[in-house]
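Participant: Sequence order for the protein chains is U and P. Quick note: the first sequence uses the working numbering, first residue 1, plus one each step. Quick note: the second sequence uses the working numbering, first residue 1, plus one each step.
Because the hints were derived from the structure by calculation, they are not lab data. Please note that a few of the clues may not be correct.
Same chains, same label: a pair holds when it works inside one copy or across any pair of copies.
As a list, the in silico BS3-like pairs of lysine-lysine whose alpha-carbon atoms are at most 25 Å apart [unchecked claim]:
#1 K216 x K353
#2 K2 x K74
#3 K157 x K2
#4 K170 x K206
#5 K385 x K200
#6 K385 x K342
#7 K367 x K200
Number of protein chains: 2
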Amino acid sequence: MKIKSVKGTNDYLPAEAELRDYLQNKILEVYTSNGYQRIMTPAIEDAENLDKSDGGENLNLIFNIMKRGDKLQKALDGGDKLFDLGLRYDLTLPLSRYFANNRDKLLLPAKCIQIGNVYRAERPQKGRLREFVQCDIDVIGSSSYSTEVELINTTAKALNEMGIGSFTVKINDRRILRSMLISCGFGEDSLDSISITFDKMDKIGKDGVMAELAEKGLDKAAIEKFGEVLDKPMTLDGLDGICGSDAVSNVKNIIDAVRELSGGKFNIEFDISLVRGQGYYTGTVFEVRSDKYSGAVAGGGRYDNLIGKFIGENVPAVGFSIGFERIFGILCESGYTIPDSKKKIAMLYEPEKIVTAIKEADKLRDKYRVTLIEKPKKLGKYLDKVKEAGYFGWCFAGEAIKELN
Amino acid sequence: MKIKSVKGTNDYLPAEAELRDYLQNKILEVYTSNGYQRIMTPAIEDAENLDKSDGGENLNLIFNIMKRGDKLQKALDGGDKLFDLGLRYDLTLPLSRYFANNRDKLLLPAKCIQIGNVYRAERPQKGRLREFVQCDIDVIGSSSYSTEVELINTTAKALNEMGIGSFTVKINDRRILRSMLISCGFGEDSLDSISITFDKMDKIGKDGVMAELAEKGLDKAAIEKFGEVLDKPMTLDGLDGICGSDAVSNVKNIIDAVRELSGGKFNIEFDISLVRGQGYYTGTVFEVRSDKYSGAVAGGGRYDNLIGKFIGENVPAVGFSIGFERIFGILCESGYTIPDSKKKIAMLYEPEKIVTAIKEADKLRDKYRVTLIEKPKKLGKYLDKVKEAGYFGWCFAGEAIKELN
Numbered sequence: 001m002k003i004k005s006v007k008g009t010n011d012y013l014p015a016e017a018e019l020r021d022y023l024q025n026k027i028l029e030v031y032t033s034n035g036y037q038r039i040m041t042p043a044i045e046d047a048e049n050l051d052k053s054d055g056g057e058n059l060n061l062i063f064n065i066m067k068r069g070d071k072l073q074k075a076l077d078g079g080d081k082l083f084d085l086g087l088r089y090d091l092t093l094p095l096s097r098y099f100a101n102n103r104d105k106l107l108l109p110a111k112c113i114q115i116g117n118v119y120r121a122e123r124p125q126k127g128r129l130r131e132f133v134q135c136d137i138d139v140i141g142s143s144s145y146s147t148e149v150e151l152i153n154t155t156a157k158a159l160n161e162m163g164i165g166s167f168t169v170k171i172n173d174r175r176i177l178r179s180m181l182i183s184c185g186f187g188e189d190s191l192d193s194i195s196i197t198f199d200k201m202d203k204i205g206k207d208g209v210m211a212e213l214a215e216k217g218l219d220k221a222a223i224e225k226f227g228e229v230l231d232k233p234m235t236l237d238g239l240d241g242i243c244g245s246d247a248v249s250n251v252k253n254i255i256d257a258v259r260e261l262s263g264g265k266f267n268i269e270f271d272i273s274l275v276r277g278q279g280y281y282t283g284t285v286f287e288v289r290s291d292k293y294s295g296a297v298a299g300g301g302r303y304d305n306l307i308g309k310f311i312g313e314n315v316p317a318v319g320f321s322i323g324f325e326r327i328f329g330i331l332c333e334s335g336y337t338i339p340d341s342k343k344k345i346a347m348l349y350e351p352e353k354i355v356t357a358i359k360e361a362d363k364l365r366d367k368y369r370v371t372l373i374e375k376p377k378k379l380g381k382y383l384d385k386v387k388e389a390g391y392f393g394w395c396f397a398g399e400a401i402k403e404l405n
Numbered sequence: 001m002k003i004k005s006v007k008g009t010n011d012y013l014p015a016e017a018e019l020r021d022y023l024q025n026k027i028l029e030v031y032t033s034n035g036y037q038r039i040m041t042p043a044i045e046d047a048e049n050l051d052k053s054d055g056g057e058n059l060n061l062i063f064n065i066m067k068r069g070d071k072l073q074k075a076l077d078g079g080d081k082l083f084d085l086g087l088r089y090d091l092t093l094p095l096s097r098y099f100a101n102n103r104d105k106l107l108l109p110a111k112c113i114q115i116g117n118v119y120r121a122e123r124p125q126k127g128r129l130r131e132f133v134q135c136d137i138d139v140i141g142s143s144s145y146s147t148e149v150e151l152i153n154t155t156a157k158a159l160n161e162m163g164i165g166s167f168t169v170k171i172n173d174r175r176i177l178r179s180m181l182i183s184c185g186f187g188e189d190s191l192d193s194i195s196i197t198f199d200k201m202d203k204i205g206k207d208g209v210m211a212e213l214a215e216k217g218l219d220k221a222a223i224e225k226f227g228e229v230l231d232k233p234m235t236l237d238g239l240d241g242i243c244g245s246d247a248v249s250n251v252k253n254i255i256d257a258v259r260e261l262s263g264g265k266f267n268i269e270f271d272i273s274l275v276r277g278q279g280y281y282t283g284t285v286f287e288v289r290s291d292k293y294s295g296a297v298a299g300g301g302r303y304d305n306l307i308g309k310f311i312g313e314n315v316p317a318v319g320f321s322i323g324f325e326r327i328f329g330i331l332c333e334s335g336y337t338i339p340d341s342k343k344k345i346a347m348l349y350e351p352e353k354i355v356t357a358i359k360e361a362d363k364l365r366d367k368y369r370v371t372l373i374e375k376p377k378k379l380g381k382y383l384d385k386v387k388e389a390g391y392f393g394w395c396f397a398g399e400a401i402k403e404l405n
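In isolation and in its complexed conformation, chain U is listed as follows (with noise of 0.2 Å):
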């Protein structure tokens, strides 16, 4: 049998696991007590609403779930699709799901939190995963711009909480990507397939995006006015005449108004060349990146079209994810520990004493957290290993503890 994790998945140790739960706890607590609810949906999902998501590149990630039994023969016999189910990709695609199945019950605008395993047929490489978590948070029935506010001011007071230092946040709306793009000279049914391109800048550079979209056979000269704007990037006061109004105020209000809450701790700054890939956002998008970790740490926006595909009527939707397994990545490299955890002490006791040794760990669990091991036949190496595994002491069941140091 295969004693390794399937590709592009981890097993994860008593203190990688600790670490993983200290981290989506804090999340949790942060989004919680800032209002926000948890809610849950199973990790599958219909094959069919998958395929509809909208979801860009990740449609062809999608794990799908065989068909069984009576199901599966007549698939096999009729030339049919074999699968009918499929693994969640991300939590956005199950929350309209779920808002679409449960309005009812919710009170709107809903302020929904996420966390929860999400699966990606990716090539497996250095941070990325197959099966990981996202923690997101999403407001359901509010176009407001003070819920882009919220959603950032909440997102960075999470990420305040666990340690990764200082970082920036990178706003743009989709609505002014288009304009500049078209502004330069391409036409609206090329967009999306420049915006893919264009979302790799930071992989292969502007050179990479000017050749890549050469290759594509686009407008030679909408291509060198493009350049240009990569060149000397748009400042909000500089989209006057190239954009509507609404999007360009929109985002100023965002930044003016999430400014002044952050008291200094962080950066929120506009970026034209802010894509983000999905193909569901429709209005403003963000991502968090780290002033000392290259790459994004948190993601997200607007997405004012995806509810509708389940009710038939638009309903303006917005959220943020953080990207937990980088976060998660970037703390054990380095070597962050847990602050104010309980001392792990190992109590050794003879098998045959086992009910009076239950007592006396007992008597120490208000302060320590005690692991009962049947006395090793070699103490000495063995205490070396349970010093290895982190515990601060050891001792006999009702003697005094002695530290390991």
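With the hints as your guide, set chain P onto chain U.
Facilitator: This is chain P only, laid out in the frame that chain U set:
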């Protein structure tokens, strides 16, 4: 698009999600303070591992995940299996694999906590879900009866914390069960099949069991003798001469110790009719039955051979799993409320005053969970909904809280 969650899975509303978190945290807290440590494994496992795992009936309930790309094409062309992954049906197989994969990094005996989703393609019915949470503690690397004593005592502590009322622990040993069946006159090779039938005693009664055994074409005299045992269940003391003394004294030791630790808060008793379905159990098996609600709320046993399948040497192991969904169901139905949770306040604000509103809300957040909500058009109607959603009170930003009652 389909708005219902996939058949056999649930969407959880905020109050339900909060109760699930509360209960899982309680369990984790008890287990952790008793010296067990949480580990985490992926929900997806290698399909062959799952297939070879002695999971009994559960092997027929595995959700298979399809191969992808070239692999899938090759399988389709060559008539091979179309899947290479599956969703885990319990947490014991993943734990065994995990132990094999990580044992050099673990302190032995490994005292592990697992809380996670498992998946079974059950025929949907009340109380049977296709995605559900299991909460397990396991000890790997100890064959002493003291391990069972501590597992049972710790699980009982967790159950006591959750307010499901009084309960009884039933205990048996697979070796005793087998000896009893052999003493009735059944052949060694029919024991597994008989156990599967015997396990249904709860559902189909004695007559059903007898009928099914007859259908299976087993020896009539043996069935008759077995019927006598069912009428007058054997006690531990009545097992002399039927069964080796090791298993009997082992169970006696466990019962004596657990009884002494229980402080009269719960019962423990021997029950020769206790089977537990899993094929991998080799020694003690146990189950917790609520005195008030029917069905098991926890179950477990010793599986000394499962880990050997991964590492080629036998490693003793024993585990206890809390039936989380059963307990969640009981508490939901009984209208359980979470003790000492912070009261919820709805704070209404004008969108353009979001900064002030957030600052005002933060002032109250030590004491309350404050949800910011844009001032609605029809205040009276909206406040009815706020009350319905379980809020304690409301206010305009910066003004005094008014109770909703």
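Participant: What label fits K170 with K206 when the C-alpha limit is 25 Å: within, between, both, or neither?
Facilitator: Cα proximity of K170 and K206: one copy only (19 Å, versus 69 Å across).
Participant: Give the relationship of K157 and K2 under a CA distance limit of 25 Å: within one copy only, between copies only, both, or neither.
Facilitator: Classified as neither: same-chain Cα gap 42 Å, cross-chain 36 Å, threshold 25 Å.
Participant: At most 25 Å between alpha carbons: which applies to K216 and K353, within, between, both or neither?
Facilitator: For K216 and K353, the Cα distance exceeds 25 Å both inside one copy (76 Å) and across copies (46 Å).
Participant: Taking 25 Å as the upper bound on the Cα-Cα distance, should K2 and K74 be classified as within, between, both, or neither?
Facilitator: between (33 Å within a copy, 22 Å between copies)
Participant: Up to 25 Å between alpha-carbons, please classify K367 paired with K200: within, between, both or neither.
Facilitator: neither (51 Å within a copy, 45 Å between copies)
Participant: Tell me, please, which holds for K385 and K342 at an alpha-carbon limit of 25 Å: within, between, both or neither?
Facilitator: within (19 Å within a copy, 42 Å between copies)
Participant: State whether the alpha carbon distance between K385 and K200 is at most 25 Å within one copy, between copies, both, or neither.
Facilitator: neither (47 Å within a copy, 45 Å between copies)
The structure is inconsistent with the numbered hints 1, 3, 5, 7, although it conforms to all the rest.
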